[in-house]
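**Student:** Assemble the whole structure, with the sequences as input and the hints as a guide.
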Amino acid sequence: MRYFDARVIENRSLGGGYFVLRLGGCEPLAGSRPGQFIMLRGDWGRDPLLPRPLSLLSVAHEGRADLLAKVVGKGTALMERSPPGSRVSVLGPLGNSFPAPSADVTDLLVAGGVGLPPLFMQAESAAHLGLANGSEMLYGGRTSRDLVLLGEIRGFGIALRLATEDGSLGRRGRVTDELEARLDRGRAAASAQPLRIMACGPRQMLWAVGRIAQSHGIDCYLSLEEQMACGIGVCLGCAVAAQTRPYRYVCKDGPVFPASEVMAHVSVASTSQSRGGAQ
Amino acid sequence: MILGADSLEKESPALLTTCGGIEFRNPVLTASGTFGYGQEFDALISLRGLGGLVTKGISPEPRFGNPPPRICETAAGMLNSIGLENVGVEAFAREKLPFLRSCGTRVLVNFFGTTFDEYVDCGARLAALDGVDGLEMNVSCPNIQAGGIEFGRDPLVLGGLVKACRAVVRKPLWVKLTPNTSDIVALARACADNGADAVSIINTITGMAIDVRTRRPKIATVFGGLSGPAIKPVALRMVYQVYRAQIPIAICGIGGIQDGNDAIEFLLAGASCVQVGTQSFIDPASAERIIREIEEYCRAQGVTDVRELVGGLALGQ
Numbered sequence: 001m002r003y004f005d006a007r008v009i010e011n012r013s014l015g016g017g018y019f020v021l022r023l024g025g026c027e028p029l030a031g032s033r034p035g036q037f038i039m040l041r042g043d044w045g046r047d048p049l050l051p052r053p054l055s056l057l058s059v060a061h062e063g064r065a066d067l068l069a070k071v072v073g074k075g076t077a078l079m080e081r082s083p084p085g086s087r088v089s090v091l092g093p094l095g096n097s098f099p100a101p102s103a104d105v106t107d108l109l110v111a112g113g114v115g116l117p118p119l120f121m122q123a124e125s126a127a128h129l130g131l132a133n134g135s136e137m138l139y140g141g142r143t144s145r146d147l148v149l150l151g152e153i154r155g156f157g158i159a160l161r162l163a164t165e166d167g168s169l170g171r172r173g174r175v176t177d178e179l180e181a182r183l184d185r186g187r188a189a190a191s192a193q194p195l196r197i198m199a200c201g202p203r204q205m206l207w208a209v210g211r212i213a214q215s216h217g218i219d220c221y222l223s224l225e226e227q228m229a230c231g232i233g234v235c236l237g238c239a240v241a242a243q244t245r246p247y248r249y250v251c252k253d254g255p256v257f258p259a260s261e262v263m264a265h266v267s268v269a270s271t272s273q274s275r276g277g278a279q
Numbered sequence: 001m002i003l004g005a006d007s008l009e010k011e012s013p014a015l016l017t018t019c020g021g022i023e024f025r026n027p028v029l030t031a032s033g034t035f036g037y038g039q040e041f042d043a044l045i046s047l048r049g050l051g052g053l054v055t056k057g058i059s060p061e062p063r064f065g066n067p068p069p070r071i072c073e074t075a076a077g078m079l080n081s082i083g084l085e086n087v088g089v090e091a092f093a094r095e096k097l098p099f100l101r102s103c104g105t106r107v108l109v110n111f112f113g114t115t116f117d118e119y120v121d122c123g124a125r126l127a128a129l130d131g132v133d134g135l136e137m138n139v140s141c142p143n144i145q146a147g148g149i150e151f152g153r154d155p156l157v158l159g160g161l162v163k164a165c166r167a168v169v170r171k172p173l174w175v176k177l178t179p180n181t182s183d184i185v186a187l188a189r190a191c192a193d194n195g196a197d198a199v200s201i202i203n204t205i206t207g208m209a210i211d212v213r214t215r216r217p218k219i220a221t222v223f224g225g226l227s228g229p230a231i232k233p234v235a236l237r238m239v240y241q242v243y244r245a246q247i248p249i250a251i252c253g254i255g256g257i258q259d260g261n262d263a264i265e266f267l268l269a270g271a272s273c274v275q276v277g278t279q280s281f282i283d284p285a286s287a288e289r290i291i292r293e294i295e296e297y298c299r300a301q302g303v304t305d306v307r308e309l310v311g312g313l314a315l316g317q
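Sequence order for the protein chains is A and B. 156 is the number that our numbering gives to position 156 of the first sequence; each next residue is one higher, with no gaps. 74 is the number that our numbering gives to position 74 of the second sequence; each next residue is one higher, with no gaps.
I should point out that these hints are in silico values taken from the structure, not numbers from a laboratory. Fair warning: this is a prediction, and the values are worked out from it, not measured in the lab. A virtual CB, placed ideally from N, CA and C, is assigned to each residue, including glycine. Please note: incorrect hints may appear among the correct ones.
Distance ranges between label pairs, derived from CB positions [unchecked claim]:
no.: 1; chain 1: A; residue 1: Gly24; chain 2: B; residue 2: Ala43; range: 17 to 27 angstroms
no.: 2; chain 1: A; residue 1: Lys70; chain 2: B; residue 2: Lys163; range: 52 to 62 angstroms
no.: 3; chain 1: B; residue 1: Ile210; chain 2: A; residue 2: Glu27; range: 38 to 48 angstroms
no.: 4; chain 1: A; residue 1: Lys70; chain 2: B; residue 2: Gly65; range: 41 to 51 angstroms
no.: 5; chain 1: B; residue 1: Asn261; chain 2: A; residue 2: Arg142; range: 40 to 50 angstroms
no.: 6; chain 1: A; residue 1: Asp47; chain 2: B; residue 2: Ile210; range: 15 to 25 angstroms
no.: 7; chain 1: A; residue 1: Arg7; chain 2: B; residue 2: Ser182; range: 45 to 55 angstroms
no.: 8; chain 1: B; residue 1: Gly195; chain 2: A; residue 2: Asp219; range: 55 to 65 angstroms
List of simulated lysine to any residue pairs, SDA-like, C-alpha gap at most 20 angstroms [claimed, not checked]:
no.: 9; chain 1: B; residue 1: Lys218; chain 2: B; residue 2: Met208
no.: 10; chain 1: B; residue 1: Lys218; chain 2: A; residue 2: Asp47
no.: 11; chain 1: B; residue 1: Lys218; chain 2: A; residue 2: Tyr249
no.: 12; chain 1: B; residue 1: Lys218; chain 2: A; residue 2: Pro202
no.: 13; chain 1: B; residue 1: Lys218; chain 2: A; residue 2: Gly73
no.: 14; chain 1: B; residue 1: Lys171; chain 2: B; residue 2: Val120
no.: 15; chain 1: B; residue 1: Lys171; chain 2: B; residue 2: Asp117
no.: 16; chain 1: B; residue 1: Lys171; chain 2: B; residue 2: Gly148
no.: 17; chain 1: A; residue 1: Lys252; chain 2: B; residue 2: Gly83
no.: 18; chain 1: B; residue 1: Lys163; chain 2: B; residue 2: Val120
no.: 19; chain 1: A; residue 1: Lys70; chain 2: A; residue 2: Ser86
no.: 20; chain 1: B; residue 1: Lys218; chain 2: A; residue 2: Ser86
no.: 21; chain 1: A; residue 1: Lys252; chain 2: B; residue 2: Pro68
no.: 22; chain 1: A; residue 1: Lys70; chain 2: B; residue 2: Asp211
no.: 23; chain 1: A; residue 1: Lys70; chain 2: A; residue 2: Leu150
no.: 24; chain 1: B; residue 1: Lys218; chain 2: A; residue 2: Gln204
no.: 25; chain 1: A; residue 1: Lys252; chain 2: A; residue 2: Ile218
no.: 26; chain 1: A; residue 1: Lys74; chain 2: B; residue 2: Lys218
no.: 27; chain 1: B; residue 1: Lys171; chain 2: B; residue 2: Arg25
no.: 28; chain 1: A; residue 1: Lys252; chain 2: B; residue 2: Ala43
no.: 29; chain 1: B; residue 1: Lys171; chain 2: B; residue 2: Arg101
no.: 30; chain 1: A; residue 1: Lys70; chain 2: A; residue 2: Asn11
no.: 31; chain 1: A; residue 1: Lys70; chain 2: A; residue 2: Pro28
no.: 32; chain 1: A; residue 1: Lys252; chain 2: B; residue 2: Glu40
no.: 33; chain 1: B; residue 1: Lys171; chain 2: B; residue 2: Gly131
no.: 34; chain 1: B; residue 1: Lys218; chain 2: A; residue 2: Leu150
no.: 35; chain 1: A; residue 1: Lys74; chain 2: B; residue 2: Thr214
**Tutor:** Right under this line is the structure:
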């Protein structure tokens with residue numbers, strides 16, 4: 001596997017700093033699965049230096065690949081400003097994926113903010129397999145501006161529930177409140193179909209989703225994000241504390257982990273967070 | 001057959017070179033900590049095309065490394081505090097070396113310890129292994145018996161350590177020097193005086209970065225090692241200082257090399273070969289390109305043997 005040259009064929013602003021980059025020339029990404037990611041670098045000179053890990057949003061025929069990103073720093077700001085025709089270097093597909101949709105399980109896809117891409121792709125994959133009614137998406141953000149691509153998601157034919165912290169769209173509160181409400185309803189209805197949870201979003205949200213899943217005894221898969229320089233298991237930058245050994249690596253062991261694998265150290269992590277006191 | 005002028009010009013320059021007792025097919029190696037144990041790059045680059053590779057630093061026992069976050073990007077560079085995570089000597093010999101034996105390039109094994117005895121023990125065990133062409137000592141480790149001061153900062157301590165390792169290592173022995181010193185020449189001299197074959201200049205420069213939003217350090221250990229093009233001028237200066245001091249020891253230049261011209265700069269400053277580090281994260285196949293660019297430079301400049309460039313810095317009128 002080597003870096004290949006691709007080009008931006010469309011750069012669509014979604015407001016709120018969110019944008020979708022559509023790349024052409026991504027034939028090597030054919031067959032990518034939901035959860036997998038790429039390393040991407042533009043013609044940026046020496047600063048910023050490193051390629052950026054980005055989850056795939058959608059991969060279509062003829063070498064087309066879509067990415068969703070939000071401007072958070074130098075790299076994403078440069079991407080957001082890259083006009084059609086810009087050349088980018090791409091390495092991928094990298095990492096593992098969420099379990100494939102199945103007719104025997106109902107999947108709850110829990111997305112927080114810019115953590116949407118792998119779940120969007122999972123929903124798309126369910127729709128392609130004719131399993132859209134076996135998936136439900138719960139999607140949360142701070143405000144309505146953080147909830148994007150809603151038309152496309154509805155187009156997959158899956159149930160969609162929204163939550164915003166300011167109440168500007170959907171339930172007022174966090175997506176985890178929506179998840180608990182959904183699980184309580186499910187319990188009341190005593191649905192025969194077993195549930196499975198897949199989530200991607202901010203780390204604190206993921207731990208909360210993991211704890212909820214644990215307390216309900218539901219299988220749960222979390223897609224983690226971490227700083228990484230290489231994406232291929234060499235820099236060892238993307239370590240996450242894990243149960244079976246001290247560290248696992250987001251790029252080569254993940255980015256998707258069973259929650260039980262990475263949840264063991266949560267209490268330790270949150271203690272050290274609160275000790276800092278500068279949040 | 002008589003070769004015309006055109007054919008002569010197109011003839012490939014000789015890239016073969018020698019550094020610290022090892023002959024390399026070209027002067028480009030990949031640096032420790034940025035190239036795993038070699039096998040990770042098997043599908044990403046032609047290892048046979050490299051001058052050589054330097055493995056991740058090996059300690060007597062396995063190490064799990066530091067808590068995250070371990071890296072962050074800085075202006076034209078990055079900070080890392082991986083914590084010398086590695087599989088340890090035994091697993092290295094059992095699981096990593098069989099691949100390296102047949103990878104078709106020179107293999108230097110980087111090693112370290114946390115005590116004097118650990119260094120000696122680790123060096124002796126690694127040097128005895130078939131498939132190891134040479135060793136590179138990482139002396140930027142805290143000495144736990146001396147209050148955590150790095151072994152490599154004091155010429156006296158460093159000299160003693162090199163001497164002890166030299167006594168048990170019958171293969172080429174290189175020492176990777178820390179730039180976190182006020183006198184790089186004294187460190188290089190301590191290595192030469194105690195029998196080392198080469199010095200690798202430089203390891204990462206200690207630095208830090210702060211997230212102003214959270215007011216927290218960007219890496220968990222607060223301080224980390226700065227690498228990437230940001231450090232190249234410092235590395236080049238140190239290579240040249242050691243070369244100019246005419247210390248009888250070969251130099252391998254390291255620090256922010258991204259292209260052929262960067263590598264040529266190090267050769268001109270006095271390095272016999274170079275190592276490509278952080279750039280392999282940005283593009284795993286970089287070393288291959290850099291070798292090609294050195295070749296193109298030589299051709300364009302009429303250099304027939306890359307060794308002519310070593311120390312070729314032009315000064316004065």
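**Student:** Where does the structure disagree with the numbered hints, that is, which hint numbers, in rising order?
**Tutor:** Hints 4, 16, 20, 25, 31 and 34 not satisfied by this model.
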